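Chain by chain, the residues run as shown.
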Amino acid sequence: MSVNLTLLTVMGALYACGIYLIMERSLTRVLLGLMLLANATNLLILATGGYAGLAPMFSKDIDPRDYNDPLPQALILTSIVISFAVTAFMLGIIYRTWVLARRDEIQDDVEDIRVAETPSFDAEDDSEIPVETSEFPLTMVGTDGRGISDAGMSGEGAGGSAERGSATVKAGGREIKAKDAAAEEQPGSQNVTPGPEGGVK
Amino acid sequence: MNIASFAPLAVVLPILGAALTFVLIRHSRAQRAVSITLLSLTLLLECVLLASVWDGGTAAVNIGGWLPPWGIVMVVDQFSSLMLVVSSTVSLAVLVYATGQGMADGDRDAPLSIFHPTYLILVAGVSNAFLSGDLFNLYVGFEILLTASYVLMTLGGTGPRIRAGVTYVVVSVVSSVLFLIAIAMIYGATGTINMADLAIKLADLDSGTRMLLHVMLLVAFGIKAAVFPLSFWLPDSYPTAPAPVTAVFAGLLTKVGVYAMVRTETLLFPGDSLNTPLMVAALLTMVVGILGALAQSDIKRLLSFTLVSHIGYMVFGLAMSSVAGLGAAVFYVAHHITIQTSLFLVTGLIERRGGSSSIDRVAGLAKLSPILALLFFIPAMNLAGIPPFSGFLGKVGLMQAGVQLGTPLAYALVIGGALTSLLTLLAVARVWNRAFWRKPEDAENPDPVLLADPEDSDTGDRAGKRNVTLLPRTMVGSTLGLVAFGVALTVFAGPLFRVADQSAVDMLDRSSYIQAVLGENAPVPPIAQPEPAQQEGQK
Chain F
1 MSVNLTLLTV MGALYACGIY LIMERSLTRV LLGLMLLANA TNLLILATGG YAGLAPMFSK
61 DIDPRDYNDP LPQALILTSI VISFAVTAFM LGIIYRTWVL ARRDEIQDDV EDIRVAETPS
121 FDAEDDSEIP VETSEFPLTM VGTDGRGISD AGMSGEGAGG SAERGSATVK AGGREIKAKD
181 AAAEEQPGSQ NVTPGPEGGV K
Chain U
1001 MNIASFAPLA VVLPILGAAL TFVLIRHSRA QRAVSITLLS LTLLLECVLL ASVWDGGTAA
1061 VNIGGWLPPW GIVMVVDQFS SLMLVVSSTV SLAVLVYATG QGMADGDRDA PLSIFHPTYL
1121 ILVAGVSNAF LSGDLFNLYV GFEILLTASY VLMTLGGTGP RIRAGVTYVV VSVVSSVLFL
1181 IAIAMIYGAT GTINMADLAI KLADLDSGTR MLLHVMLLVA FGIKAAVFPL SFWLPDSYPT
1241 APAPVTAVFA GLLTKVGVYA MVRTETLLFP GDSLNTPLMV AALLTMVVGI LGALAQSDIK
1301 RLLSFTLVSH IGYMVFGLAM SSVAGLGAAV FYVAHHITIQ TSLFLVTGLI ERRGGSSSID
1361 RVAGLAKLSP ILALLFFIPA MNLAGIPPFS GFLGKVGLMQ AGVQLGTPLA YALVIGGALT
1421 SLLTLLAVAR VWNRAFWRKP EDAENPDPVL LADPEDSDTG DRAGKRNVTL LPRTMVGSTL
1481 GLVAFGVALT VFAGPLFRVA DQSAVDMLDR SSYIQAVLGE NAPVPPIAQP EPAQQEGQK
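If you're matching them up, the sequences are chains F and U in order.
For what it's worth, the numbering used here labels the leading residue of the first sequence as 1, then goes sequentially.
For what it's worth, the numbering used here labels the leading residue of the second sequence as 1001, then goes sequentially.
I should point out that these hints are in silico values taken from the structure, not numbers from a laboratory.
Every value quoted in this text rests on a predicted model; they were computed, and no experiment measured them.
The beta-carbon is built from N, C-alpha and C at its ideal position, and this holds for glycine as well.
Treat the hints with caution; some may be incorrect.
Stated by the list, open to error - Not close to chain F: a few residues of chain U, all C-beta gaps over 10 Å, as computed:
(1) L1009
(2) V1396
(3) A1522
To be verified - Restraint-style ranges between C-beta atoms, simulated for each label pair:
(4) Y20/F - L1067/U: 39 to 49 Å
(5) A1051/U - T6/F: 54 to 64 Å
(6) F84/F - T1037/U: 30 to 40 Å
(7) Y20/F - P1388/U: 50 to 60 Å
(8) Q73/F - R1473/U: 35 to 45 Å
(9) V115/F - P1388/U: 31 to 41 Å
Working from the sequences, and respecting the hints, build out all of it.
Have a look at this one:
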């Protein structure tokens, strides 16, 4: 089987340009790159069919080797249809990106950046647990205290959480609070619970 | 006229459904009825197909009566029909879930009415890829499901979805182009694209050419299956899609890639020398994936990373190319499709009930909604591989096969697998501790829904009504159904493992597949270069 050198050169050039273009940050260029890649692949499939021959319509007089191989052309037809659909969809997406962000660029992933910037120290998992003198109520002080400061810091907390914060502050003095919390955690001590619960409301 | 002749209906019925639902685009109730009915019919048909090959054997259908090396064939064997049944069960559950969500939120606007036709096209593409016995038809199946997935991924066209969609589309198109190039080269080298015919003809090529074709196919499928160095796109793009869409993507799309890899390794290039690189890739996929999961605070992203990580187990099983390893991999694929999908569905429910899917913001769900806690706990433990669940059985199967193989690399993978399993447990336990056990007051900036008194919401009309919209019965029901199916995989693990092992025997032997497609007299070539390691494994 011999191949057409012109086709091969064109195919190589298309692949090179396509790969260069999909490395770009601009979406339109990426789209152009994908289109070039798809067309280069179509040429590649065509090349697998060998030299051009007669149209593959059966006639008794023709030597079978003179026909062109019809299968690659059928494959190309399918792949053209598919790349057409994908191109149309990509154009739609690019337009939508333009409408939303006024930029023809691939956007950064906000969550990725957030995770990358998160310190390895996690306040909840890694902070030192206060020395336990009696039960775990002492840790309750710690969590409550941070809960308040968090609610205070984020301005979004608005009505409900701010109210709750102040209520827990009232409940959360120094030693009294630890005792209260200890009592709360003991089974059957219903009398203390209404305090924080009321605070929640 | 045997029952396998109806196999093409598994592709045709969803496409018919897509056409009908597209016509009924203004009648959401009729749309729902049509899509659920047709998908149930498809599932029923696939169950019959599975039953027909349950005891072994392979059946091939020549589409349009064209004879095999030239025409398109669809092949039903144990592996493909098992995949079909599991995938259709999962997609049916997700469809019910999605309609439940649509009904609860009032799906009057256009983007949601396009959901049904697109979803059915996706199912058709998945079925086509599983059934295809022809490399180009496999490509077409991939393209059908990918194009449908592009639409589903960017449903609604919001900013984050478009951003994620761009990455997803570009990566998928590049992998498809690679696949197409591989097909062109294979056709150029052998003059056929029928997989059974290729199994015979590829053996005649010289080893350099065969290696090139093999690597190209594996890279193309590796991108689709999200195997480690090629998995970067997945955690970026999946989490932004709507909950049911992410669920079905996570369950099905990567597994289609794994399925294609299994067919490449067993049917087209058996015994070739790529098992070592595959094992290394499997190890890296497992470990890197799960370390990524530990860094995340968003449940959907965390689950996306566990998804990548657990693909490593399947590649591990595949790379061993022994009956035990491949059988365990087949079982693991079936298990993982179900479990990963149900976890994503539960995450959708968590997001509804808790107002967020970030584990920093959600808290106290165990008290607020015990059913949700149960629904999360079972698949989470299953994913982490806690006995007696199917995840444990699958992992044990893989590790047994690894120890049986006995090479240092296989031992490294067994250790890596155990480590990944423990780290998965750590990742899901972190979600459990924060989202379910912590008090709502301790959460960072919690949603007001979490702080409402649970006693209040149980009594009283107003609160009761609100609770219904938070957790619609259809959504909880479908999730429950899928979790129950996952548990059933555990209960029926015995017969299932037998079928998986039998399918592994058939796939490694290849004669059943080749003779079903090309006729009884087709020659089955000996495996090209039997690897020493593999012989040891089979002793």
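Now the hints, each set against the structure:
1. With a closest Cβ-Cβ approach of about 22 Å to chain F, L1009/U is found to remain outside the 10 Å limit, as its non-interface label requires.
2. For V1396/U, the condition that its CB be more than 10 Å from all CB atoms of chain F holds, with the nearest at approximately 30 Å.
3. Here A1522/U stays apart from chain F, with its beta-carbon at least about 21 Å from theirs, past the 10 Å limit.
4. One distance hint, 39 to 49 Å for the beta-carbon pair Y20/F and L1067/U, holds here, with the actual separation near 44 Å.
5. Between A1051/U and T6/F the CB atoms are about 56 Å apart, so this pair conforms to the stated range of 54 to 64 Å.
6. Checked against the hint of 30 to 40 Å, the C-beta distance between F84/F and T1037/U comes to roughly 33 Å, which is consistent with it.
7. The given range of 50 to 60 Å is respected by Y20/F and P1388/U, whose C-beta atoms sit roughly 55 Å from each other.
8. In this structure the supplied range 35 to 45 Å is violated for Q73/F paired with R1473/U, their Cβ-Cβ distance being about 54 Å.
9. Range check, V115/F to P1388/U: Cβ separation about 35 Å, and the 31 to 41 Å hint holds.
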